[in-house]
Amino acid sequence: MPRVLWPWKRKGSPDAPSGTSSLRSFALMESSPVASEHEEVHHSEYPVLIDIAELSQQYCMMDDLPDALLSEIIKRLTRTSDLNSLSLVSKRLYNIERELRDAIHLGCGLFPVTLAVTSLCSRFPNLSKVEFNYSGWKPEHGIQLDNHGLHVLSSCCQ
Amino acid sequence: MAAPESGDGNNGAARMVTLISSDNTRFEVEAAAASLSQTLQLTILDGGGGGGDGIPLPNVDSATLSKVLEYCIKHAPAAANGGAPNATAVDRAELERFDNEFVNIDQSVLYSLIMAAHNLEIEGLQSLVAKKVADMIKGKSPMEIRRTLGFPDPTPEEQAEMNAHMLEYGWAYE
Chain A
1 MPRVLWPWKR KGSPDAPSGT SSLRSFALME SSPVASEHEE VHHSEYPVLI DIAELSQQYC
61 MMDDLPDALL SEIIKRLTRT SDLNSLSLVS KRLYNIEREL RDAIHLGCGL FPVTLAVTSL
121 CSRFPNLSKV EFNYSGWKPE HGIQLDNHGL HVLSSCCQ
Chain B
1 MAAPESGDGN NGAARMVTLI SSDNTRFEVE AAAASLSQTL QLTILDGGGG GGDGIPLPNV
61 DSATLSKVLE YCIKHAPAAA NGGAPNATAV DRAELERFDN EFVNIDQSVL YSLIMAAHNL
121 EIEGLQSLVA KKVADMIKGK SPMEIRRTLG FPDPTPEEQA EMNAHMLEYG WAYE
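For the protein sequence lines, the chains are A and B, in the order given.
Count the first sequence with the UniProt record's numbering and you get residues 1 to 158, in order.
Count the second sequence with the UniProt record's numbering and you get residues 1 to 174, in order.
If you are wondering where the hints come from, they were derived from the structure by calculation, not from laboratory data.
The structure displayed is predicted, hence computed values, not measured ones.
For glycine and all other residues, C-beta sits at the position ideal for the given N, C-alpha and C.
There may be inaccurate statements among the hints.
[Said to hold, decoys possible] Capping the alpha-carbon separation at 27 Å, the derived lysine-lysine pairs in DSSO-like fashion look like this:
{"id": "1", "chain 1": "A", "residue 1": "K75", "chain 2": "A", "residue 2": "K91"}
{"id": "2", "chain 1": "B", "residue 1": "K140", "chain 2": "A", "residue 2": "K75"}
{"id": "3", "chain 1": "B", "residue 1": "K138", "chain 2": "A", "residue 2": "K91"}
{"id": "4", "chain 1": "A", "residue 1": "K129", "chain 2": "B", "residue 2": "K138"}
{"id": "5", "chain 1": "A", "residue 1": "K129", "chain 2": "B", "residue 2": "K131"}
{"id": "6", "chain 1": "B", "residue 1": "K140", "chain 2": "A", "residue 2": "K129"}
{"id": "7", "chain 1": "A", "residue 1": "K75", "chain 2": "B", "residue 2": "K131"}
{"id": "8", "chain 1": "A", "residue 1": "K75", "chain 2": "B", "residue 2": "K138"}
{"id": "9", "chain 1": "B", "residue 1": "K67", "chain 2": "A", "residue 2": "K91"}
{"id": "10", "chain 1": "B", "residue 1": "K67", "chain 2": "A", "residue 2": "K75"}
{"id": "11", "chain 1": "A", "residue 1": "K91", "chain 2": "B", "residue 2": "K140"}
[As the list claims (entries may be wrong)] Chain B is faced by these chain A residues, among others (derived, beta-carbon under 7 Å):
{"id": "12", "residue": "D67"}
{"id": "13", "residue": "L69"}
{"id": "14", "residue": "I73"}
{"id": "15", "residue": "D82"}
{"id": "16", "residue": "L83"}
{"id": "17", "residue": "L88"}
{"id": "18", "residue": "V89"}
{"id": "19", "residue": "L145"}
[As the list claims (entries may be wrong)] With beta-carbon atoms standing in for the labels, derived distance ranges:
{"id": "20", "chain 1": "B", "residue 1": "F98", "chain 2": "A", "residue 2": "K138", "range": "51 to 57 Å"}
{"id": "21", "chain 1": "B", "residue 1": "R147", "chain 2": "A", "residue 2": "L127", "range": "29 to 35 Å"}
{"id": "22", "chain 1": "A", "residue 1": "E99", "chain 2": "B", "residue 2": "Q38", "range": "22 to 28 Å"}
{"id": "23", "chain 1": "A", "residue 1": "K91", "chain 2": "B", "residue 2": "R26", "range": "39 to 45 Å"}
{"id": "24", "chain 1": "A", "residue 1": "S81", "chain 2": "B", "residue 2": "K74", "range": "30 to 36 Å"}
Let's have the full structure, built from the sequences with the hints guiding it.
Here is the structure:
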């Protein structure tokens, strides 16, 4: 069996193929009858190189997708918890996700609220809906959105 | 990876066009199927892709193109019906079953497919794959998403940055 070369090795990927399913399928294809057929036909020292060069064109990771396509994927996530998790996966996903987020729900825990609102608006520049839910408010939560807070919020709106 | 054979026995009823993948494999398909691609539709309407000429697709390799065409051929009849308002429930269920099976494939192929669908402007296919990838993300923690989608673990610097971020925005993750 010819040795396997990995010309498509990417930055950040392990040297040897490991657990991911895509890499496993490469290993399977490499030992398939197609590979041995090439071996007989070409009589070359690196017969598998041809197959792998072909395969490498197909090999693609999520991070290879352009922003427009990552946005298409993110737009299909509706639960805030999924968006929050995704935004902590990579800096790039974080930046795409924050541009897309158009609604956010806030409870009583924000203090001081004006500071939180300012930082919130700078993180999510395209919000169209901010929902405050003050049910369950207790005095120790501190003063929530008052006139000054509303003024700060409105000054963040474009 | 074999190209679908040309429709020699189709009595000349359906117009055929030839598409050429980046690795120079020729695929002959019905114009109606290829026209699911908005990009190709314009060329085909202009009379391109027929006879000995093919339409070169330098961004799509043969493995991806054969998969794309499998989708187009399956969806062409419904698309010709104008989104199939008259389709029977059985037809719709069959298409849905096909779609579910179709995206039940290796991730790297999914990404190649969505790139091709994007380049060729095949809206249904792009949307199908985007939904599949989104489904792979749902309900997972950041670490699980990284493992599932093959993102590298954060470096210590990135982790520190993330911790600082959580300190500032932790409340937004409630």
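(request) Starting from the hint 29 to 35 Å, judge whether the C-beta atoms of R147/B and L127/A obey it. (result) holds, 31 Å
(message) Taking 22 to 28 Å as the stated bounds, is the beta-carbon spacing between E99/A and Q38/B within them?
(response) holds, 26 Å
(message) Just to be careful, I want the Cα atoms of K91/A and K140/B compared with a cutoff of 27 Å; is the pair within it?
(response) holds, 18 Å
(request) Report holds or violated for the interface hint on L69/A, using the least CB-CB distance to chain B and a cut-off of 7 Å. (result) Holds: closest Cβ of chain B sits about 6 Å from L69/A, inside 7 Å.
(message) K138/B and K91/A were given as a pair; does the straight-line alpha-carbon distance stay at or below 27 Å?
(response) Roughly 19 Å separates the two Cα atoms, so the pair holds.
(request) For the pair we were handed, K67/B and K75/A, check the Cα-Cα distance against 27 Å. (result) holds, 25 Å
(message) Tell me if the interface restraint on D67/A is satisfied: Cβ within less than 7 Å of some Cβ in chain B.
(response) violated, 11 Å
(request) For the pair we were handed, K140/B and K75/A, check the Cα-Cα distance against 27 Å. (result) It holds: about 16 Å lies between the C-alpha atoms, which stays within 27 Å.
(request) With a cut-off of 27 Å on the C-alpha distance, tell me whether K75/A and K131/B pass. (result) Distance ~9 Å between K75/A and K131/B Cα, so the pair holds.
(message) Looking only at beta-carbon atoms, does the pair S81/A, K74/B fall within the given range of 30 to 36 Å?
(response) holds, 35 Å
(message) Would the hint linking K75/A and K138/B be met if the CA-CA limit is 27 Å?
(response) holds, 12 Å
(request) With a cut-off of 7 Å on the beta carbons, see whether I73/A makes it to chain B. (result) This interface hint holds because 5 Å falls under the 7 Å limit.
Checked against the numbered hints listed earlier, the structure breaks hints 9, 12, 16, 19; every other hint is satisfied.
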